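Novice: Spelled out, the chains give:
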Amino acid sequence: MSDPARENDAEMKARRGRNIALALGLVLFVVLIFVVTIIRLGGNVVNRPF
Amino acid sequence: MAMSEALTPTRAPARWQDYVQLLKPRVMSLVVFTGLTGLVCSGHAINPVLGAVAILCIAVGAGASGALNMWYDADIDAKMRRTRGRPVPAGRVQGADSLALGVVLSMFSVMLMGMALNWLAAGLLAFTIFFYAVVYTIWLKRWTAQNIVIGGLAGALPPVIGWAAATGSTPLNAWLLCAIIFMWTPPHFWALSLYTSEDYQKAGVPMMPVVAGAKSTRRQILIYSLLFTPVCLAPAFTGLGGALYLAVAALGGLVFLILAWRLFRSHAGEAAGQRNDDGLYDVRAGAKDARNLFAFSILYLSLLFATLLGEHLAHLPPLELLR
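For the record, the sequence lines run as chains A and B. Heads up, the first sequence is in the working numbering, so the first residue is 9 and it goes up one at a time. Heads up, the second sequence is in the working numbering, so the first residue is 2 and it goes up one at a time.
If you're looking for bench data, these hints aren't it; they were derived computationally from the structure. Nothing here was measured: the structure is a model prediction, and the numbers come from that model. Some hints could be false.
[As the list claims (entries may be wrong)] Here are some chain A residues pointing at chain B (derived, C-beta under 10 Å):
hint : residue
1    : A18
2    : E19
3    : M20
4    : K21
5    : G25
6    : N27
7    : I28
8    : L30
9    : F37
10   : L40
11   : I41
12   : V44
13   : R56
14   : P57
C-beta: ideal position from N, C-alpha, C; glycine also.
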């Protein structure tokens, strides 16, 4: 018979791992969009009329 | 022990590694390699960060296709030894989660490719995902023995996407890289299916050996090999490959043809012998010729693309035999 407490621990550990991976993915995506935007805009970033 | 606990199968909770497995990392690595070759061979100077983003989009798009494939094919995968350990048939990930992951990553990769590079590359990436997930997985795979011939286009397009990402156009040489992978696919997969046809038969997938028999499959492998090897030489005539590429393509092509001829003359796929261990390289008695061609086909394609990549990175001059 499996131990429910141990199963719960495994589930919690797996969920924590998934959440960390998802958070890292989202942060990476935000950084990526920022970097791509800066590169695409190039010198025009500092050429604003104000 | 409670009755409900005794009847309920204990399922391992989904780990993040299971979601990575849904993206078929080994296929992704091949796609990254061929996409990078297309991008570099275009000869167009591109911002290295944008180049890396293009390759990332191709990789994520390929991963999305893999997740969609694992969602739809879970029933077949459960019946085949090679695939029954995948996250969905093994019960570690819900099919709906695999579908959601595939759809979300498809949209992210296509939109990012369009915004960061250009919309031609994004359109080609979207077409490739659609072709693999819908045309190949949902339509062709369970319907016709020509499934991997037509479906092979999805695997052949990444170098064209890489080229388009760098230049915004797709000239003849880009499509030549596509043609090489397209013509390589049938002999490669049919050689594999000659010694895994039992699994395909069990799962009801109409692979060529199941539908047409081993003898016909071996003949078709030889015909496709005769068509494939001249296509591999073509880059040396169109200003894409140099002297080293020509040597690798010619020598490797010769070995490929010899192995295809040996396979044609063998009885591979017919002997009902013993199987050894579980896995892709499991060999049924008499099917060694099929395994040899399968293994060499991977090496040959890798060498062709690695040589082209190396020549362009080292700025070695192309031969341009036709110019």
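Novice: All hints are to be evaluated individually against the structure, with a verdict given for each.
Specialist: Taking the hints in turn, this is what the structure says about them:
{"no.": "1", "hint": "A18", "result": "holds (6 Å)"}
{"no.": "2", "hint": "E19", "result": "holds (4 Å)"}
{"no.": "3", "hint": "M20", "result": "holds (9 Å)"}
{"no.": "4", "hint": "K21", "result": "holds (8 Å)"}
{"no.": "5", "hint": "G25", "result": "holds (5 Å)"}
{"no.": "6", "hint": "N27", "result": "holds (9 Å)"}
{"no.": "7", "hint": "I28", "result": "holds (8 Å)"}
{"no.": "8", "hint": "L30", "result": "holds (8 Å)"}
{"no.": "9", "hint": "F37", "result": "holds (7 Å)"}
{"no.": "10", "hint": "L40", "result": "holds (7 Å)"}
{"no.": "11", "hint": "I41", "result": "holds (8 Å)"}
{"no.": "12", "hint": "V44", "result": "holds (4 Å)"}
{"no.": "13", "hint": "R56", "result": "violated (21 Å)"}
{"no.": "14", "hint": "P57", "result": "violated (24 Å)"}
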